[in-house]
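2 protein chains.
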Amino acid sequence: MGSELMAKETKISMAVIRRLPKYHRYLGELLRKDIDRISSKELSERIGFTASQIRQDLNCFGDFGQQGYGYNVKDLYNQIGKILGLDKEYKTVIVGAGNIGQAVANYSKFERLGFHLQAIFDKNPKLIGIKIRDIEVKDVEYLDTYLKENPTDIGIICVPKEQAQSIADIMVRNGIKGIWNFAPTDLVVPDDVIVENVHLSESLMILSYRLNESNLFKE
Amino acid sequence: MGSELMAKETKISMAVIRRLPKYHRYLGELLRKDIDRISSKELSERIGFTASQIRQDLNCFGDFGQQGYGYNVKDLYNQIGKILGLDKEYKTVIVGAGNIGQAVANYSKFERLGFHLQAIFDKNPKLIGIKIRDIEVKDVEYLDTYLKENPTDIGIICVPKEQAQSIADIMVRNGIKGIWNFAPTDLVVPDDVIVENVHLSESLMILSYRLNESNLFKE
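Listed in order, the protein sequences are those of chains A and B.
If you read the first sequence in this note's numbering, its first letter stands for residue 1, the second for the next number, and so on.
If you read the second sequence in this note's numbering, its first letter stands for residue 1, the second for the next number, and so on.
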């Protein structure tokens, strides 16, 4: 069978890893349509990567798929979920209950993926005490105490960039190992802490670059 | 002088392009601190890329910097801004005035970068008529008419994934060439339309992967 997750020693390139969530999303859609199996050719047509790219990507993690049969959709979905760590549960807190913080808090999909929001903090008196998805926004003054008493896996930073590093410091000091950072700044953290950035203005600049690329090289 | 933007025929790799906004952000910070010039070594220490990486990246676009002098911060900032298309002005509309739409609408930085929000649309009667940054949310029924009468450069899609493609179709039909897509789906658009995606759950999955990576290959 092709569904055993094999341990490989080589470090997988970030380019491959960044494609995995897309596989996961497409396979989830196939599952919801009750599609049991799919060839790498069909998967390629749907997802827009070449069939050989798909085979290469998945080979990094083990031996999926079977000659002449294709992939078992549910197996592959579960295995990719496992590779992505989605078979685990994470306790998360959000610091910053402005628009972005509220948007993240309201994404019900994150709960389904195993990311459980435990608490939300802000320093704005107008926001402290309001409820977002039944979670009352706490004063950020209590972040340190809260984290000491409630071990947390992932900290989500949605504060302005000037405050982001000090929030990250409190998180790191209290054992948080993963930070999802929406503040437009690069956080300084120890090597064993993972930071994943969502820099919206960088994404907008890339769009702007690509809109102008053809002109740039015409001059 | 090193500040002429040279036309090169080769297509620049996306990896280089995705680093440009970070250069732009760091150079902007140096400018605000009144720092006039910087060596590639110093820039490297601040930004975390190697000096040779920086020289290589910038060489893709022309001949910046001078032996023994380093980079003129303001020149380089302006040139990178120009490469990123930030010397231009863009008219934008947001469709979807939920949390993400409101967060994007409220980012004052985007205005400063030349992205001017002209209109916001939603289909929710509770949102239609409210004002976000002095812009009244319009009924999405009028999106088509609005775009016909008001040529727009960039459409920002913040609706649920089920509605995203039909909104993109209206945008494309009315000449929009750039779509900033926050819906967790891949839009189908003609080749001359650029889509830049912000897929939040994919970013969260990458964080989860990286948190588990060491365990994955220990098994």
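These aren't lab readings, by the way, just hints derived from the structure by calculation.
Check the hints yourself; a few may be wrong.
Since the list gives no way to pick out one identical chain from another, each pair is judged satisfied if it fits inside one copy or across any two copies.
[Claimed, not checked] Simulated crosslink set (DSS-like; lysine-lysine; CA at most 30 Å straight-line):
| id | residue 1 | residue 2 |
| --- | --- | --- |
| 1 | K41 | K161 |
| 2 | K22 | K177 |
| 3 | K74 | K22 |
| 4 | K33 | K131 |
| 5 | K82 | K123 |
| 6 | K138 | K91 |
| 7 | K161 | K74 |
Owing to the predicted nature of the structure, the values given are computational and were not obtained by experimental measurement.
Results of checking the hints against the structure:
1. K41 to K161: Result: close only across copies, 25 Å inter versus 45 Å intra.
2. K22 to K177: Answer is both; intra-copy 24 Å and inter-copy 24 Å each pass.
3. K74 to K22: Answer is within: at 15 Å inside a copy they meet the 30 Å cutoff, but 39 Å across does not.
4. K33 to K131: neither (36 Å within a copy, 40 Å between copies)
5. K82 to K123: Answer is neither: 37 Å inside a copy and 38 Å across each miss the 30 Å cutoff.
6. K138 to K91: within (17 Å within a copy, 38 Å between copies)
7. K161 to K74: between (41 Å within a copy, 22 Å between copies)
This entry does not satisfy hints 4 and 5, going by the numbered hints stated previously.
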